[in-house]
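Asker: One letter stands for each residue in the lines below.
Protein chains: 2
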Amino acid sequence: MSVFTPPSRLLFGPGPSQVPERVYQAMAQPIVGHLDPFLFEQFEHIRAGLRELFGTRNQFVHALSGTGSAGMEAALSNFVAAGEKLAVFSAGYFSERIIEMGKRHGANVVVLNKAWGETFTEAEASEFLIREKPHAAAFVHAETSTGALQDPKAITGPARSVGALTIADCVTSLGAIPVNLDENGIDIAYSCTQKGLSCPPGMAPITASPSAIERLRTRTAPCPIWYLDLGLLLEYYEGSHRYHHTAPVSTIWALREGLAAIVEEGVSTRFARHQRAHEYFVRRIEKEGLKLLVPPGRRIPNLNTVCVPEGVDDPKTRKRLLNERGIEIAGGFGPLAGKIFRIGVMGPLATEKNVDLLVDALLECMK
Amino acid sequence: MSVFTPPSRLLFGPGPSQVPERVYQAMAQPIVGHLDPFLFEQFEHIRAGLRELFGTRNQFVHALSGTGSAGMEAALSNFVAAGEKLAVFSAGYFSERIIEMGKRHGANVVVLNKAWGETFTEAEASEFLIREKPHAAAFVHAETSTGALQDPKAITGPARSVGALTIADCVTSLGAIPVNLDENGIDIAYSCTQKGLSCPPGMAPITASPSAIERLRTRTAPCPIWYLDLGLLLEYYEGSHRYHHTAPVSTIWALREGLAAIVEEGVSTRFARHQRAHEYFVRRIEKEGLKLLVPPGRRIPNLNTVCVPEGVDDPKTRKRLLNERGIEIAGGFGPLAGKIFRIGVMGPLATEKNVDLLVDALLECMK
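As given, the protein sequences belong to chains D and F, one line each in that order.
Using the working numbering, you'd call the opening residue of the first sequence number 2 and step up by one each time.
Using the working numbering, you'd call the opening residue of the second sequence number 2 and step up by one each time.
FYI, nobody ran anything at the bench for these hints, they're computed from the structure.
Everything numeric in this text was worked out from a predicted model, so none of it was measured.
Ideal Cβ positions, reconstructed from N, Cα and C, are used throughout, including at glycine.
Fair warning: there could be bad hints in the mix.
If you want a taste of the chain F side facing chain D, the calculated C-beta under 10 Å gives, among others [said to hold, decoys possible]:
| no. | residue |
| --- | --- |
| 1 | PRO17 |
| 2 | MET28 |
| 3 | ALA29 |
| 4 | ASP37 |
| 5 | PHE41 |
| 6 | SER241 |
| 7 | HIS242 |
| 8 | ARG257 |
| 9 | PRO336 |
Make the full structure from the sequences, and use the hints.
Answerer: And the structure:
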């Protein structure tokens, strides 16, 4: 058997994104048991790092043993019981996934729909939420399928006024741009490790406000999903460290190290670097006569959606980038299939030099 | 920030178990995207390795993006719909977990209980299943909480005669001892990566027979858990490779490499090595006047449960082993709390030399 050598890729897609070498090296370190005191010490480092990136003082901040989608399912199944009303702001693929999961868990799902790529104003949110008076309101902060960034306050303000918990999908935002959870009045947020945190996929950071946790403690029926039951998980992560499942230790080492790298760089420095790289990317793209799908002011800085120009073959371009340059970018799907390239500029790749490399290669492969 | 250096442990507990260096090195290799053709090639290597270890020709063999408990929850939520009758053979902690999950998913759960550490005879299974005529019958092949090994045929034979699907928990058996899925007539089986496969925790191998998959395709209500919906996952793993979630690429590299190491050693050679190490462990333990909880003939070869001798302090012994020798073993829980040591002899540690190291250290730390 020959040595296992995966191809070397430059991950300019929406995620997984590029991983720093020190994170890989952390994963090559030996594991310990899932009840080892050393592991619980690492959980505390992780919680501290996630708190800083989420912008929260919540006690409840953990990383679940699944990908970002497991985080979404944990948020919905724990905080919205069967029969409760869930209001969803939907303008892209991931809000549609929230709707699908909510329905499967027996929630009474009501939806405010807009076209993919749109975002919601406070007036729209207010009218919808006052009419529906839901138990919880869910929205996607940074919609990976479209590149549109939702202003959280446009939704959390109206939600608070009707007493609804707010659930924010921060899968694409956490670690790359500010989330400002407490300032934005978000109750529950979840994310992944393979985008803004520059780690491999496999864990789902999640946090909940004290009032959300209070509602969790008073629910009568247990969470329908044992694996993602936050009540049981809390007993493992905190306090008694009672066995629940066997935590994915190597993936935890990666997250621990990825967060350490972010804290060393400085969170605000990192956010500013992503913003600068985004602005440089936009300048270069527009200089080449290409257009972005989302108008300025509501673009996700670390995930750019570039319209596929007339006459350019979308799958062929992406295939050439991968095969000839080792560069991954993504296409659109749903109503945006064939219409956009989705280009992540995140983590180690969020520099002017790497943006140049990407844009030059893209132009070449579009020919 | 100093370099991240976890303590070096010898993992003689029930899992996570010791990981070979080449598996760690595989995790330090760069990731690719979750839709990268190279990743799908690795899935095929993994499927081939798992098929050999499960002892099956099933088309459906995959590794889910969660730990063994997620495998359990996937098996129950996909193959037992709300309202259907699930018969559980219960004589330990993990069968109790099956009961708990089944109830949460709305199954009509009926249970045949025996004391922790017991196993079931064909006559007992037959009487129970003929009386209950369930949709599915679930049992634990190797019960990690007690060290008892269940003969699958004692349950699958009677189950077949009443038309019930059989679900086998192979979390502790897969990779270390034969499962012989097809020969034993098991329909659905799941496992983990951190025990018999000698990989870090994080994935859940799962397989299902063609008739089980047929039942899956004809169920009317969708799986209540989107993240573990095998119908959707099949579209990602096979055929169209339609996006579902972002697979944990580094953990997949580990599993790919761990299976490659097992195939290189030879599956039957590996099983024989585990059996020999177990027999040597038993000889040494009994020579020292210690007793095993489970009688010969139904012991799990790779997971030994040793009775804590009169006058020996269980937590103190385990704490000393960890702190003074860097050796992890586990204690008992539930009705066996304080009564047993749970000692895994698996993977790289399943040799006479390592058994000597462990037994000598145990004797020393029990003093």
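Asker: For the hint on PRO17 of chain F, does the least C-beta distance to chain D fall short of 10 Å?
Answerer: Since the shortest Cβ distance to chain D is 6 Å, the answer is holds.
Asker: Taking 10 Å as the limit, does the beta-carbon of PRO336 of chain F come near enough to a beta-carbon in chain D?
Answerer: 15 Å, violated
Asker: Does the closest beta carbon of chain D sit nearer than 10 Å to the beta carbon of HIS242 of chain F?
Answerer: 13 Å, violated
Asker: Using 10 Å as the Cβ threshold, decide whether MET28 of chain F counts as touching chain D.
Answerer: Holds. Min distance 4 Å.
Asker: Let's test the interface hint: is any C-beta of chain D closer than 10 Å to that of ALA29 of chain F?
Answerer: Holds: closest Cβ of chain D sits about 4 Å from ALA29 of chain F, inside 10 Å.
Asker: Under 10 Å is the threshold here; is the Cβ of SER241 of chain F close enough to any Cβ of chain D for the hint to stand?
Answerer: Hint violated; SER241 of chain F Cβ to chain D Cβ min 12 Å, cut 10 Å.
Asker: Identify whether the interface hint at ARG257 of chain F stands, where standing means a beta carbon of chain D within less than 10 Å of its own.
Answerer: 7 Å, holds
Asker: Please check whether ASP37 of chain F passes as an interface residue: C-beta within 10 Å of a C-beta belonging to chain D.
Answerer: 7 Å, holds
Asker: With a cut-off of 10 Å on the beta carbons, see whether PHE41 of chain F makes it to chain D.
Answerer: 12 Å, violated
Comparing the model with each numbered hint stated earlier shows that hints 5, 6, 7 and 9 do not hold.
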